[in-house]
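These protein sequences, in sequence, are chains P and C. Count along the first sequence from 1, add 2, and you get the number used in our numbering. Count along the second sequence from 1, add 2, and you get the number used in our numbering.
Any copy, or any two copies together, can satisfy a pair, since identical chains are not distinguished.
Taking lysine to any residue and the SDA-like style, the derived pairs with C-alpha atoms no more than 20 Å apart in a straight line are:
1. 255 - 181
2. 235 - 254
3. 190 - 218
4. 33 - 117
5. 190 - 180
6. 223 - 252
7. 223 - 254
8. 255 - 193
9. 190 - 255
10. 10 - 68
11. 235 - 132
12. 149 - 116
13. 83 - 14
14. 8 - 21
Hints were generated in silico from the structure; no laboratory data involved.
2 protein chains.
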Amino acid sequence: MLSKSKIKLIQSLNLKKNRDESGVFLVEGNKMVEEAIRSGFEIEFLACTSGFAAQHPEIGRRANDWVETDSETISKASLLKNPQEALAIVVQQKDLTPEINPENELCLALDFIQDPGNLGTILRIADWFGISQVVCSENTVDVFNPKVVQASMGSIFRIKTGITELSGFIKNAATKEIPVYGTFLEGKNIYHESLTSNGIIVLGNEGNGISEPISRLISHKLLIPTFSTNENKPESLNVAVAAAICCSEFRRK
Amino acid sequence: MLSKSKIKLIQSLNLKKNRDESGVFLVEGNKMVEEAIRSGFEIEFLACTSGFAAQHPEIGRRANDWVETDSETISKASLLKNPQEALAIVVQQKDLTPEINPENELCLALDFIQDPGNLGTILRIADWFGISQVVCSENTVDVFNPKVVQASMGSIFRIKTGITELSGFIKNAATKEIPVYGTFLEGKNIYHESLTSNGIIVLGNEGNGISEPISRLISHKLLIPTFSTNENKPESLNVAVAAAICCSEFRRK
Numbered sequence: 003m004l005s006k007s008k009i010k011l012i013q014s015l016n017l018k019k020n021r022d023e024s025g026v027f028l029v030e031g032n033k034m035v036e037e038a039i040r041s042g043f044e045i046e047f048l049a050c051t052s053g054f055a056a057q058h059p060e061i062g063r064r065a066n067d068w069v070e071t072d073s074e075t076i077s078k079a080s081l082l083k084n085p086q087e088a089l090a091i092v093v094q095q096k097d098l099t100p101e102i103n104p105e106n107e108l109c110l111a112l113d114f115i116q117d118p119g120n121l122g123t124i125l126r127i128a129d130w131f132g133i134s135q136v137v138c139s140e141n142t143v144d145v146f147n148p149k150v151v152q153a154s155m156g157s158i159f160r161i162k163t164g165i166t167e168l169s170g171f172i173k174n175a176a177t178k179e180i181p182v183y184g185t186f187l188e189g190k191n192i193y194h195e196s197l198t199s200n201g202i203i204v205l206g207n208e209g210n211g212i213s214e215p216i217s218r219l220i221s222h223k224l225l226i227p228t229f230s231t232n233e234n235k236p237e238s239l240n241v242a243v244a245a246a247i248c249c250s251e252f253r254r255k
Numbered sequence: 003m004l005s006k007s008k009i010k011l012i013q014s015l016n017l018k019k020n021r022d023e024s025g026v027f028l029v030e031g032n033k034m035v036e037e038a039i040r041s042g043f044e045i046e047f048l049a050c051t052s053g054f055a056a057q058h059p060e061i062g063r064r065a066n067d068w069v070e071t072d073s074e075t076i077s078k079a080s081l082l083k084n085p086q087e088a089l090a091i092v093v094q095q096k097d098l099t100p101e102i103n104p105e106n107e108l109c110l111a112l113d114f115i116q117d118p119g120n121l122g123t124i125l126r127i128a129d130w131f132g133i134s135q136v137v138c139s140e141n142t143v144d145v146f147n148p149k150v151v152q153a154s155m156g157s158i159f160r161i162k163t164g165i166t167e168l169s170g171f172i173k174n175a176a177t178k179e180i181p182v183y184g185t186f187l188e189g190k191n192i193y194h195e196s197l198t199s200n201g202i203i204v205l206g207n208e209g210n211g212i213s214e215p216i217s218r219l220i221s222h223k224l225l226i227p228t229f230s231t232n233e234n235k236p237e238s239l240n241v242a243v244a245a246a247i248c249c250s251e252f253r254r255k
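Pulled out of the complex, with its shape left as it was, chain P reads as follows (with noise of 0.2 Å):
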């Protein structure tokens, strides 16, 4: 069974506060758990119905503690609107920014990106198109929020991710000459530049782009050209859209 206490600190998750002092965050569902199982990060407590466990028998040497638990008891203690047979506690990774190097990789940095949705879904286009880096601003949404973890679908275990003071970060690599994109709605068109299989794509807030102190360190500006032939024309893109949109025309060429 799950005690109350514990039903106390898996719902305290929700919080980044409660994430930040214990270091660990939150993962529901049964697919999301499977893909926290099959990661190599490392599980702190995990509950699930009998039917889960039978089906997963890795759960006992994966997991530090582990509860058989029915679906009642798990819907109790979920965030969730729809809760499953399953959720973890998870120990975050900690900050890999000084790993996340653009100097022969791609690396997305997200300036000020405050969607949790828009996070997610910026995690799994990152992993689809094998872009295994994304370093964050300080004041882009937490990447442990619960809502940004189900919006990944999984690629929050297969992304690094790091938090950083961003302006720093990009002038440290143009030092080395390592190009830095982001799109402008002055910028050239994507669909006719040279892109290279290396440096940072800045992805901007969702309703006042790419900040100032950034635009002024971006070396290749970008548009995605709109091919609408309105009289009243579409203002901009969704930022996790113009985030595939560019990951889709790096990796194609």
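On the provided structure of chain P, position chain C as indicated by the hints.
Frame of chain P; chain C shown alone:
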């Protein structure tokens, strides 16, 4: 001021049943209401602050009925977490399915899209890429759902949408030899295929992809290849992300 019965009417538009009965939908926020004013849609009612009214002298001409009120009253009526200075009740455009014609233009066909955020984002993508026709299966979320409307960022006013029995619609197109595209794990690499400037691009359900009966009607199966070199590869892309990459590829070529 905003009467109690008007507030009740506004809030009732959260439910499809009420939208269907009244034939109207709710538009919220300054930018979205501005888009409604600029559009050709009939505005049945508009409520805004005096500040918003001063900036939009055309309101009297555009709205059948309107009131000036304070932002607190708008908050009371609003379905948004962060209400702004204006909201409007707008008349739904009639079902445009008979008008939607994939013979000369591209058209998106949505096969059981469930998430309103995804549908709104897909409308925004279609708009950006100059695809003005989107046809929805009967089990796709309602395009006039307030969350769809908000996520579309105004594109709802520029895209022709219709609801139809999808397999009939596609079969009819097939008899005219109109190409029908969809993405599948066993499809051909989208980056290498030649793509037409007309036809139907089918997008499938978030969890299950394109349904079995619709799959059989797809004449051109495409694949967005993964570039992941991870042993444990991501399974799929979010449907709006897949839509973005498809639209980008069709327009680029």
